[in-house]
Amino acid sequence: MIALVAALGAVAVITGLLVFTVDSMARATFLLLASFVAVAVVLIGFGLGYLGTVVILMMTIEMMIMVVFMVMLMMNPAGLMPMTMVHNRRGSWAIALVAFGLLTAGVWLVPFPVRASAASRGVTSGPAVGPDPTVALGDALMGGQMLTMMTLGLALLATIVGAVAVAVSRR
Amino acid sequence: MVLLAPALVVVAGLAAAAGAATAGEGPTAPVVETLRLLTKQRRRTLSDDPALARIGLTALPVAAVLALAVVPLGDRAPVDLGVGVVWFNAMEVVAWFAVWVVGWGPNAATSLAGGYRVLPLGLAYELPHMLAIITPAIAAGSLSPGVIAAAQHDLWYAVWMPAAFLLYLLSVAAMAFWGPFAAPLGRDLAGGAAAEHAGLDRLLLLAGRWMLLTAAAAMAVPLFLGGGAPPPITGPDPFPGLPVLWFAVKLVVVLGLLLALRRAVPMLRMARFATLAWTVLIPLAVAQALVVTVVVLP
Amino acid sequence: MVLTSVVARRPHVLTVAPATVDAGLRTAVEAELARRRWPAASSPADTDVVLVLGTPGPRLADVVRSVWATVPAPRALVGVPTEVALRSVLDEAAAGLVASRGRTSLLSASDSNDVLPQEVGEPQMADLAFYDHDGLALDALHVAVGPVLPHWPAGLVAHVTLAGDLITDARAEVLDVPASVGPGSRGRSPLGPDRTRLDILTRVLGLLGADHLAARARQLRDRDPEPGELTTFGRRLRRNRPLRWALRDVPLVGGPVEERTLEERVANLAGALGGSLPPPVRPTAEKAVQAMVGLELGAARLALAAMDPDTALGAGPVTAFTPAEVAHQHH
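Chains as they are written, first to last, in our numbering: chain A, 1 to 171; chain B, 1 to 298; chain C, 1 to 331.
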């Protein structure tokens, strides 16, 4: 299990690095997606099925939304018009290092909750057992704000649909 | 689990044969076509990206098999994932990515335009589709297809949430870019994303499409038609202990409905379908989900 | 060997016709292919047999040569100069497929099994840009569309500028036919009024993927139908609501007043079936290609197929082709 997680972690890091070495937007998109999918499989391996699956779902759709902007701005497929994936090297390095430092510090500084049953047995790692992690996740994210979030979500969707309807009828 | 991929290939082949028969061709056409593509030379174009295109071509049948893995074929799913409905949805959007790179790879205008057509198609069908698959999950209180199927022993969800069932059927055709939603592989673009692919490459694309269609049709059985259980009205099960049989019968019915849909509705231009989806189908799906939620709220 | 003979039973055929092709020959070939259940190839990649009708001129012969170079093996290239030779030529093509070589090659082409290069004449990507109405700099693509496409007018090449899949400019060229200044073909109809209508409907329905309706239209075109059958089919098309819905929202710029949209054009073609009315108006190639400007590729293909320009008369009066280009810095 540990070997598998380590291998997937390595895949995620390597494909993530490769994003900046290729000269085609399609390849960069594929590598970025591969990196995210590797992370998602790690999450599923940790017993967080919902979180991992949603990462695959959302990241794939997100990449496709990115492609919409490629359609709008350029029509150069394959390798005919190579382009670099790196801009503003210094600033990027600074942002990347600060973000990496913050996240790494977070891993060690945030007090992770220890499951009561596991703690009593003296175990502090391993896949989650006990209440459904999907329910726990929903509760942790939404909690008492569920009604607010649902209302807001519906209002937002209604706005989008209304805007589309108006735009279509004006044509 | 090991038998899942060959089983999907066989059932998808039978579905393709039925499709050929309803289109006025011989039912052996898919077999002849497969042999033809297997003996045919593969093909490349100038300044192309074959590696990326072939990743997409391979991803298509793989995504179909992985999507089917969480569908209870009878009473039990090959992989009993608690969040099967979400997993199924994730695998199906992988197909968008696959078709897009398949169209992008060859570096040709018609192929590229075909690959790009997946975007308006996907963005139009995905929201009604998500709402349609979440509605049975709300009613059953679970994201596991097995639990959803078991929750229908009194009443099929196809009966008490008909709008969600119809939207799901539409999105099955859309996610396999097939029938009325075949625009990414449209004849007007000389085959669209498929235009420049020959031999094994083309076979992967066309077979992957039938496999996706079959896998998605199979998911309709646990979500809306009670899974491997007999219809609630028949009383005692005439074939006890054979949930696979009931599953197969229901799958045939769903595939039959899809073939009828293809015959009744011509290929839609993406501008037409996107307008329909955003102004009619999404509000319909939200209304259906709301009604179900209000009814099942404790 | 057994494999190849099975495959030769259902080869995909790419038909190439010069603009001046005899309409009778073209319809006879389509009828014979349908009788044998040989599907039409959608692109060179999908092709087993390249079938050249009539006598191609030098420009079209060049196109055939470059298309043939991209057809994957096993393949066969045959010519059908006249209707008499049709059946024997098709049998020969099937036999040639088994032997993996076209015996009646029009042009000498080597059957290499290597990777096939893409020849000139195939679409190429460009990075010339223009500004759209929102002021966004977009990539523009100059593409020659045709003459080897499913349901495409014989011998026509449309030189179009594409922004995404939107046609922003277009110019017609008819291969091997000098651009005439004739007024189109009002009254010229080698197939007769109803068969011309059915011919147009076959193409429009074929492009729409309404295969069983397209097959019915072609059947009625290729035999002598009762007038009752024609009116029944016309009524069936006009009452087909999904079909009408799918045809909506495509303007036909430059068409006759009563046919300003694709929906009206198809309704009129279907409604006039079996009514002994004069043949439908078929514009010049240039006029029909101009109607594609402002449309997305799919809608543009439908518009062109429905207008069905008479390419035998040349492109017609040609307007100057001036894409609005500006320098565009790529990032």
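The hints are simulated quantities; they were obtained by calculation from the structure and are not laboratory data.
One thing to keep in mind: the hints can contain errors.
[Stated by the list, open to error] The following label-pair restraints were derived from C-beta to C-beta distances: (1) B:252 x A:21: 18 to 26 Å; (2) B:280 x A:100: 43 to 51 Å; (3) A:157 x B:23: 34 to 42 Å; (4) B:263 x C:254: 33 to 41 Å; (5) A:157 x C:98: 53 to 61 Å; (6) B:263 x C:253: 51 to 59 Å; (7) B:24 x C:231: 17 to 25 Å; (8) A:85 x B:24: 24 to 32 Å; (9) B:7 x A:1: 27 to 35 Å; (10) A:1 x B:80: 43 to 51 Å; (11) C:224 x B:24: 17 to 25 Å; (12) A:69 x C:276: 52 to 60 Å.
Even for Gly, the Cβ is constructed at its ideal location relative to N, Cα and C.
Results for each hint:
One distance hint, 18 to 26 Å for the beta-carbon pair residue 252 (chain B) and residue 21 (chain A), is violated here, with the actual separation near 50 Å. For residue 280 (chain B) and residue 100 (chain A), the Cβ-Cβ distance of about 47 Å falls inside the hinted range of 43 to 51 Å, so the restraint holds. Against the hinted window of 34 to 42 Å, the Cβ-Cβ separation of residue 157 (chain A) and residue 23 (chain B) comes to about 38 Å, which satisfies the hint. For the hinted restraint 33 to 41 Å between residue 263 (chain B) and residue 254 (chain C), the CB-CB distance of approximately 34 Å keeps it satisfied.
A hinted range of 53 to 61 Å holds for the C-beta pair residue 157 (chain A) and residue 98 (chain C), which are about 59 Å apart. Our hint of 51 to 59 Å for residue 263 (chain B) and residue 253 (chain C) is violated, since their Cβ atoms are close to 33 Å apart. Taken as a hint, the range 17 to 25 Å holds for the pair residue 24 (chain B) and residue 231 (chain C), whose Cβ atoms sit roughly 23 Å apart. Evaluation of the 24 to 32 Å hint for residue 85 (chain A) and residue 24 (chain B) yields a failure: the beta carbon distance comes to about 50 Å.
Distance hint check: the CB atoms of residue 7 (chain B) and residue 1 (chain A) are about 29 Å apart, consistent with the given range 27 to 35 Å. Remark: the range hint 43 to 51 Å for residue 1 (chain A) to residue 80 (chain B) is contradicted by a beta-carbon distance near 19 Å. Judged by the Cβ atoms, the range 17 to 25 Å given for residue 224 (chain C) and residue 24 (chain B) holds: they are separated by roughly 22 Å. A hinted range of 52 to 60 Å holds for the C-beta pair residue 69 (chain A) and residue 276 (chain C), which are about 55 Å apart.
Of the numbered hints stated above, those contradicted by the structure are hints 1, 6, 8, 10, listed in ascending order.
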